[in-house]
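Given the coordinates of chain A, work out where chain B should sit on it, guided by the hints.
Respectively, the protein sequence lines represent chains A and B. Using the working numbering, the first residue of the first sequence is number 1, and each one after it goes up by one. Using the working numbering, the first residue of the second sequence is number 1, and each one after it goes up by one.
In short, the hints are calculated from the structure, not lab data. It cannot be assumed that every hint is accurate.
Copies of the same chain are indistinguishable here, so a pair counts whether it falls within one copy or spans any two.
Listed next, the in silico EDC-like pairs over lysine to aspartate or glutamate satisfying Cα-Cα at most 16 Å (straight line) [said to hold, decoys possible]: (1) Lys406 <-> Asp442; (2) Lys552 <-> Asp601; (3) Lys371 <-> Glu403; (4) Lys186 <-> Glu431; (5) Lys186 <-> Asp450.
In this text, all values refer to a predicted model and were calculated from it rather than measured experimentally.
2 protein chains.
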Amino acid sequence: MTANLCHAVAMSTRDFDRLFAPRSLVLVGATDRAGSVGAVTLANLRNGGFAGALYLVNPKHASVAGMPCFPDVGHVPQTPDLAVIATPPDRVAGVVRQLGDKGTRAAVILTAGFGELGERGRAMQREISEAAAAQSIRVIGPNCVGIMVPDVGLNASFAHLAPSNGDVAFVSQSGALITAVLDWAKPRGIGFSKVISLGDMADVDFGDTLEYLRTDAATQAILLYVEGFSDGGKFMSAARAVSANKPVIVLKVGRNAEAARAAHSHTGALAGSDVVYDAAFRRAGMLRVDTMPEMFDAVETLGRTGAQSGDRLTILTNGGGPGVMATDALVSRGGVPAQLGAQTLEKLNAILPPTWSHGNPVDMIGDAGPKEYRETLETLLGDPGSDAILVLNCPTALSDPSEAAKAVIETIRTSRTSDGVRNVFTSWLGEYSAAPARALFDAAQIPTYDTPDDAVDGFMCRVRYAHSQAVLAEIPVPDPAADGTVDAVIARALAAGRRWLDSDGVDAVLSVYQIPTPPSRTVADAAGAAAAARELGGPVALKLRSPDITHKSEVGGVALDLHGEEEVRNAALAMLQHVKTARPDARLEGFFVQSMVRRPDAIELIAGLSVDPVFGPVVLFGRGGTAVEIIADTSLELAPINAALARLQMQRTRVWRLLQGYRGQPPAAIDAVAAVLVRLSDLIVEHPQIAELDINPLLADAQGVLALDARIAVTSNLEANARARSVRSRDAGDAVEVRP
Amino acid sequence: MTANLCHAVAMSTRDFDRLFAPRSLVLVGATDRAGSVGAVTLANLRNGGFAGALYLVNPKHASVAGMPCFPDVGHVPQTPDLAVIATPPDRVAGVVRQLGDKGTRAAVILTAGFGELGERGRAMQREISEAAAAQSIRVIGPNCVGIMVPDVGLNASFAHLAPSNGDVAFVSQSGALITAVLDWAKPRGIGFSKVISLGDMADVDFGDTLEYLRTDAATQAILLYVEGFSDGGKFMSAARAVSANKPVIVLKVGRNAEAARAAHSHTGALAGSDVVYDAAFRRAGMLRVDTMPEMFDAVETLGRTGAQSGDRLTILTNGGGPGVMATDALVSRGGVPAQLGAQTLEKLNAILPPTWSHGNPVDMIGDAGPKEYRETLETLLGDPGSDAILVLNCPTALSDPSEAAKAVIETIRTSRTSDGVRNVFTSWLGEYSAAPARALFDAAQIPTYDTPDDAVDGFMCRVRYAHSQAVLAEIPVPDPAADGTVDAVIARALAAGRRWLDSDGVDAVLSVYQIPTPPSRTVADAAGAAAAARELGGPVALKLRSPDITHKSEVGGVALDLHGEEEVRNAALAMLQHVKTARPDARLEGFFVQSMVRRPDAIELIAGLSVDPVFGPVVLFGRGGTAVEIIADTSLELAPINAALARLQMQRTRVWRLLQGYRGQPPAAIDAVAAVLVRLSDLIVEHPQIAELDINPLLADAQGVLALDARIAVTSNLEANARARSVRSRDAGDAVEVRP
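Bound-form chain A, shown alone (with noise of 0.2 Å):
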């Protein structure tokens, strides 16, 4: 790790405790005026319990509710450690400027349109920023609705309601999810230990929060509401860092592209595709999550159980149906029924009566009680074939369901002290009778849930905390080419005004990165191209050479399967002409002649490189073809990547069970697919000028990968630059983490 990525890193803090931790607080644009932002963050202030001085600032007021108001910061008797700005736009800049003088070094500004009132407004926030920088004050906001320290009496906000004190921080780029948040949370007696909205960032972003919240010894779990940002790499370097020591969940909206419309007209954020985000937070080692309330049970069931390596569920129920509900939503979310190994069924026959279900799910059948239940739980707890247990109780008349909860506890508790530790989810089905078990459970913290549905719910939010910890836990090493070929092909390429590389010159950075393509001629003309079949023999593929038409197959460029050279000279002149009436613009460089591959049972592959606009340089794998968007089984990685990463990418997929072996296909050679992936990878780290790549077809089988067709897209010296930065910036975030 360099001095410089330090200092970049101790920089992103600077100030915080005085944003979260002040002596001294002042008000600017405090009022009397009902319902408005400045008197309803008045109250908030004095009603929050902070115990340091409190100004106001007001030049149209000399006391605003029973206090003194000064006419601007200057007058201010000392210098406050925070100050919360509550004026009209057009004042924020000059009030930040009479901060800076102050000696005030941080600010929350509550003030709202800027972003949102067009080219006026984008000035504004521009002269704010550069006034901030200018006098070194770290800025919250604008357009955000305050922070909220409940553990030091800060509310620095327009909340209607105050947050009682926790352990959980929750930073939302949103303000309205902010007070929905808050207003869900006070009725469950839900605490925060901070509360921040970030508004627009001028200044502080999620990176510089994240930074701070990881040595926050008040935050044990870290919630973010996402809407999209424009720095990944600053992200991805303090969401790594924090991520490896406490859980950080995460609920991004704008899934889809409709979506992501919308997130840009409310925040004016440059959004990146969303999938790029979601491969990003499970490279952070973060759980996504959907909804508000599934943020809040997964804090509650990572807070309430320990790490789990597997995925496989048995599940315990006095009733039948329930158990078959649970098995429906493990499998379709993706996880697995354990097994019962021949011990423990034998245990089982002795325990229960001869109509237990002898399978997973183990139904005790309806009128098991509390010995049933503890007896039963012991001997699954012994059981190595799984890695949790989730016991389900529907309401009997017969036995007492808080009896059956208490056997269940006690059970757990016992267990706890050997060394067979497995993560226990419960589920009490109804409410009436139900209520007091889980009561008991909410006591002994033990994960309790309304429905199976919700319990399976909580059970894959450990499978998916623990599969990104994984992908965390990899720090992938590029291992460059080292050879000037490919630097030649770019420069050749971008000389020439070319942001498409030319048949040979795909060839060439194949050939470099040692990905094996079919026998290949490159000639000028049609009897050239007469000539090229005759020397590489057996049938041939033709494809038209351009540099103005990408997707050649749409013009009739591509012709297969070609016999003999008199089949390849008619192919070619008629492609010729076909295309100089369908494309008369299309500069023609004659024609490239593959040799025809028959792997009639290799599977097609997808593999590419792509640059995302947040995070750069990603990865894709998935099933190839014409209609990829159309099957739609791809997953993305962020470069650089390992074969580790590159293996759980293909895990990710449908056709990963294809590559298995299918129908009595022997398995494909994964491990070549997966080092095509690395060497992608390693391809545009060391080459920041590539800024597109297409390998489909990628044959797969046994025998190895072939690609059969490729594209290449290269950009100028500037852009890749700004992209390089930004991948040596995610690097950082693992150094980061590795330091002891």
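Same frame as chain A, but now just chain B:
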């Protein structure tokens, strides 16, 4: 409709009034023993408020719980309308016979331990069924929790809680789900018209119960909990009739293989494949859900909204984030964000501040109050481009959530008097401040949900219900080919003891049903194959003929793209040699030589038929190729179908999009594909001896369709006749439904 069918339907609900509105009761197996089924049931019967006479029977006691107790049914001084039986298993059949002698015509058998107790239990259960049939007694159970009719004070169950009166009927195959639902419903104040635990269904089953509830005036909606059943025809007949009158919501467990196995061990029912149930519920106009809470949400949603024609939703919000969350949920569940009309945009520009989102979601910005809600909703209700509106609210300190709710309620109330009726769904985020607003919506019977996700589920529930009701409305009339060829082909195969038709037979069947195939020849040996290749001209495919090899490609029995006589002869000889080693047992009958088809841009589909053990013949459509199971892009429909149903079936796959034209390809001949599905349906309806059929691939492009490969299996007349009966019984449902 024939008299015979009328009789069958009437029979199914005979004496149901004695079950659900008895004037007198007898409990057989009454006891004082605390915690026993007999004691709990007696308490429930006495506490239910039943106005008629209640008699107790138990040979061991002269009185129970202070009431006189008779030694047997014969001694009861009156003929009770309904008997409730809680004796040990081996005494139940005897009690049923006594009841018959007494004249009682209805019984609820609570006793468990038949189906799950091996051969002895099954024998006892058969004895009960026979006794009940002989004595014309309607039986619910055995192995059930009982039945409850709060309206008449009947609680003939050993459930731990009594339901309150309401207008929803709950019918469950699992007793555990009965108690769980009652426990869940009690604190929520949800009442029931009937609660019916069907248990092992020795007599009364889902079909009978649905037929009874169809005309039950006390029941406005029906909830079913299903694990599996055997008589699909009877179920469909009753289900289609009732769904035309009132909503039926079904929770069926066992979505996957593991779960189906568990259900099997639980109820002993012969479970068909779950996707067939899915098709059947949809065809029956029902709404399928996955969890218990969804079941009640669906009842509420359907009860509080009107019919809805489309899937386009407009989202109205005062906070951007929740709007995006709702859009995410909408798109991920298959709904469509509505496009605002130009007129609507213009009106909203006049109503809302300039910072509003200018699109859908309509984000009015955080300080929107009742006036903005009213005016905006009014405008949106007038936009014909939207099928429904979702109104969201985030709590703020600047505006009261309850005031916004009142404005929305008032707007809906006044707009309902005009003719532009659109469904409005609401979700007030949070809990503390949202609770009073939710109470207002509940009082106004406006659907309201805790989260935007739940609200979108509510909207989609209306969308799916509309789809299901559209399917219900289609009544296909099969159009038989009326040609003796197929009968002859089938007879020849059966006479030869062959399950799979040979190539000639397949070709003949497809030809009668006008399904196009490439030119082909059937030959006896390698020399014949070479001659056929010369005759056909161009490249050919060569396929081995063997009655013992179904998947020819797996044993090297298929060679493609052979050019010229020499190549065909060599391939044929090589094939013979290989198969003789790989499958020495297989009988070889020569070869099938087929012109190679050159339609590289055609889409590979699969079309097929098979016979479900519960629901009879089904038609399959989907993406074809060698990995159909892994691509997992198929949809099922019960035969018979018509062109409209075939189209709806195709639209449920991903490949549907591909058929619309993709990457410069013209749209495929969709009508031709639909015609193939309809003709296959006609084939199996006219020839119930067809057991299985696969056309894979079925090529489809702009020119039309072409069946490249097909396999057809047939079965004996005995099985086939049973199947034909099942299809006819299903048709009866349609007949019932179209009566005025």
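Structure-based check of each hint:
1. For the homomeric pair Lys406 and Asp442, the shortest alpha-carbon distance inside one copy (12 Å) is at most 16 Å, but the shortest distance between copies (37 Å) is not.
2. Taking CA atoms no more than 16 Å apart as the test, Lys552 paired with Asp601 passes between copies only; the shortest distance there is 14 Å, against 25 Å inside one copy.
3. In this assembly of identical chains, the alpha carbons of Lys371 and Glu403 lie at most 16 Å apart only when taken from the same copy (9 Å versus 54 Å across copies).
4. In the homo-oligomer, the alpha carbons of Lys186 and Glu431 lie at most 16 Å apart only across protomers (8 Å), although the nearest pairing inside one protomer, at 21 Å, exceeds that limit.
5. Only between protomers do Lys186 and Asp450 lie at most 16 Å apart by alpha-carbon distance; the minimum there is 15 Å, versus 19 Å within a single protomer.
Of the numbered hints stated above, none is contradicted by the structure.
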